[in-house]
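Two chains, two frames, some hints: make the complex.
Read top to bottom, the protein sequences are chains C and U.
Quick note: the first sequence uses this note's numbering, first residue 1, plus one each step.
Quick note: the second sequence uses this note's numbering, first residue 1, plus one each step.
Treat the hints as calculated values from the structure; they're not laboratory data.
One thing to keep in mind: the hints can contain errors.
Simulated restraints, written as ranges between beta carbons of each label pair [to be verified]:
1) C:F262 with U:Q107: 32 to 38 Å
2) U:A41 with C:P91: 38 to 44 Å
3) U:E84 with C:E182: 28 to 34 Å
Where chain C lies over chain U, by a calculated footprint (3+ residues, C-beta under 8 Å) [unchecked claim]:
4) 53-63
5) 122-134
Being a predicted model, the structure only gives us computed values, none of them experimental.
Beta carbons are placed, not taken as given, at the ideal position from N, Cα and C, and that holds for glycine.
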Amino acid sequence: MSIDAGLDTGPPIDKLRLMPFLRKWLQLSIIALVPSISALAEEQKSPDKPLSPDELKSAVSIDALTVPTPGEFFKAIEKGGKPNWTSEYRPPVSIKSTDRAQMALNLGTLIADGYIAVEAQDGQQVKNIGKDVLALAKKLSVSQTVLARGASITQFAENNAWDQLNEELEATQNEVKKALEENRDVDLITLVSVGGWIRGTEVVTGLVMQNYDADNAKLLRQPALVAFLKDKLTRLPDRLQKDPLVQRLVHELDDIQKMVSFAADHVPTVEEVKELNTASAKLTKEIAVSE
Amino acid sequence: MNRLALVVVANCLFAIQWCIAEAETDEQVAARSDAIDFAGAFQNDGFKIRDGTYFGKISKDHSAVVAVNLYNGNAYWFTASTAEKAEKLKISVFDEAGMPVSYEPFQSGTRAAAGFSPEASGLYYVKVALEDGPPATFCLIYSYK
Numbered sequence: 001m002s003i004d005a006g007l008d009t010g011p012p013i014d015k016l017r018l019m020p021f022l023r024k025w026l027q028l029s030i031i032a033l034v035p036s037i038s039a040l041a042e043e044q045k046s047p048d049k050p051l052s053p054d055e056l057k058s059a060v061s062i063d064a065l066t067v068p069t070p071g072e073f074f075k076a077i078e079k080g081g082k083p084n085w086t087s088e089y090r091p092p093v094s095i096k097s098t099d100r101a102q103m104a105l106n107l108g109t110l111i112a113d114g115y116i117a118v119e120a121q122d123g124q125q126v127k128n129i130g131k132d133v134l135a136l137a138k139k140l141s142v143s144q145t146v147l148a149r150g151a152s153i154t155q156f157a158e159n160n161a162w163d164q165l166n167e168e169l170e171a172t173q174n175e176v177k178k179a180l181e182e183n184r185d186v187d188l189i190t191l192v193s194v195g196g197w198i199r200g201t202e203v204v205t206g207l208v209m210q211n212y213d214a215d216n217a218k219l220l221r222q223p224a225l226v227a228f229l230k231d232k233l234t235r236l237p238d239r240l241q242k243d244p245l246v247q248r249l250v251h252e253l254d255d256i257q258k259m260v261s262f263a264a265d266h267v268p269t270v271e272e273v274k275e276l277n278t279a280s281a282k283l284t285k286e287i288a289v290s291e
Numbered sequence: 001m002n003r004l005a006l007v008v009v010a011n012c013l014f015a016i017q018w019c020i021a022e023a024e025t026d027e028q029v030a031a032r033s034d035a036i037d038f039a040g041a042f043q044n045d046g047f048k049i050r051d052g053t054y055f056g057k058i059s060k061d062h063s064a065v066v067a068v069n070l071y072n073g074n075a076y077w078f079t080a081s082t083a084e085k086a087e088k089l090k091i092s093v094f095d096e097a098g099m100p101v102s103y104e105p106f107q108s109g110t111r112a113a114a115g116f117s118p119e120a121s122g123l124y125y126v127k128v129a130l131e132d133g134p135p136a137t138f139c140l141i142y143s144y145k
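So that you can see chain U by itself, here it is in the shape it has in the complex (with noise of 0.2 Å):
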């Protein structure tokens, strides 16, 4: 009987834990909402916002870098946001060899973007940095057309 109210509160414990786990944060659901309206400026470009995010935290001494896999002739724009705390966050985009290519920046305080057209289809880098403020919640997506 003992064995089985173990069992059961383990249980109990492990859903709890795993609710937590899953549950957005605060930060996490403003910094969305910031992120999709900024990107809102895109859509009204023709360009589609995918309903997928990313979600990391972040310092000076730590940036993101998220994979993705894009294609040649789409254009893309990868969207960044705080929300509130971050003072000058940045996003740059580099090929399959972690090299630097050109994109179009876009930076302002919480909220940054980059624009970038690739020649060729395959994987690419994104990275997030925070060249200015307190570590932060971010919420990173991308739009394309």
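Only chain C is shown next, with the shape it has when bound in the complex (with noise of 0.2 Å):
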């Protein structure tokens, strides 16, 4: 038996003929598959299809869901760093007008304050504003629903609760449009979304202008959500349309809604942000000022 006796070497010269016909199969073969592997590879990446122009247009906006909470604007500014919440700060507004729309633009304003206090882990504050809150819910007719979210409010930030705090906020400003909505004053709805909006802008645009960003100032591009409000407030009603604050504020929006629509590729730079900043800030006084 010879050392080659165990191997196949039967038909070596068949199978060097078989190769060149191997080698070509293989080759076509993985050409065939390349197309596929790729289509396959972006298949996962984006498996959805484009929305039709119809799902676009029937797309659904409503208050609960389209406009984001000031609380949610604030988380996202904090990923760069803790902010100096307390910079943002206003003093007590006193309310003495009225006027329904401004109380509503108000509420939304201080409800946004609350947000900055928590931010802020001010307990004292959070428990001021939560009051400011309250008179104001009286004002409106809707102090009872609120009460009891009002004692939670002191409760949570007596035991430096601030999780539950963000939420109480929110569950707040829900209970406030859910009672407007049952007093049949949905239309003051829009405003309380709109003065949140408002400050909220002022706090972010502050706060990005104390310490610029690339990535905070990315924040501010929202077109979409200005166009919504400023589309709920050209609904409201005759004599809301009349009400000389709401005449102001939505020609003011005209130009901040400008301000806010930059291409998703664009960071704002320094002057763009002081400009918002002082037009939110102009608008946030103008809300606040009793006629």
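As structure tokens, this is what we get:
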């Protein structure tokens, strides 16, 4: 038995003859497989078809999900480090006006103030703002429903339960909106949301200016949100449309909309942030000033 | 006098109709309860559940699309549930032009979720679709951190 006895040396010439065919077959298989593999990879990357024009047209926008809370806005800016929240406090607002539109707008700004105090982890400030919110809710005849919330806010503030306070503030805002709806004051709901967004924008732009950072500056891109709020304002009944404060609001939101409508890859400059801060701060002041 | 009675009856009918329209159905209550229960898993990871909800009806031929405004830097989980009826629910996320974006999908029968971290602030669309099963009422909520 030779050394080669166990090896299959039978038809070496045939194997060699098959090699080019095998190689060709393999090459063709690989060529055929490449597009399928890349198609599969593409499919895994984006398995969904784009929305159809009908789907885009029928997309639902609702206050409870389409309008972010000030807390959500503030959470985003904390990613770059703890901002100096107390620097964004403002003096207590005294509402003597009986203008319901103004009261609703102020309620929105006050709730945003509550979020600032929570972010600053300032229990006393949270309690103070909670009282102001309740006083204003009383003027709008929705205090009964938010009384319990007011008590919870005080309790959570005393226990330094900041996460729960964040949730409680949103729940309070929703309770107020629900009560307004029940009192057939649906139109004021939009004004509460607008007030909150304006004050939130003033605060975030103020913080971005203190410590300019590109990622934080990009937070200010909200064209669809302002368009949504403006659209709701234009649908208000005539009596509210004629309110001088609402008229100023609509007019000034036009300018603000331009400032927050920039391309997704654009980073607002310090000057642009300052311009938006000035506009939103002016509007917050106008909302707070009694006629 | 008759006119007054007619006005009173009309007002009562309006009030009853308004109450019926506003009241949540059993399906909605169950769907919301299950969606919140499901989103609770993300709470353990530091996500805060928003207090707002959206109820809709979907079938295999009809999906629902909701517009949301998100912030870059935040992470989001969109959670939906139909409670019992649906067999295969799906959530997907799209940018402001309606183009699909990269997100983390989760699907488990009557429940579905999508995790998304936007690179740009602005408008996004969340689509809730029913891939299998009879038409159902769903509840959509979202959480962020």
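Now the hints, each set against the structure:
1. Taken as a hint, the range 32 to 38 Å holds for the pair C:F262 and U:Q107, whose Cβ atoms sit roughly 36 Å apart.
2. Between U:A41 and C:P91 the beta carbon distance is about 43 Å. The supplied range of 38 to 44 Å therefore holds.
3. Evaluation of the 28 to 34 Å hint for U:E84 and C:E182 yields a pass: the beta carbon distance comes to about 30 Å.
4. Only when three residues or more bring their CB closer than 8 Å to a CB of chain C does the claim for the stretch 53-63 of chain U stand; here the count is 4, and the claim holds.
5. A count of 4 residues in the stretch 122-134 of chain U with a Cβ less than 8 Å from any Cβ of chain C is obtained; the coverage claim is therefore met, three being the minimum.
Figure legend: structure checked against the earlier numbered hints; every hint is met.
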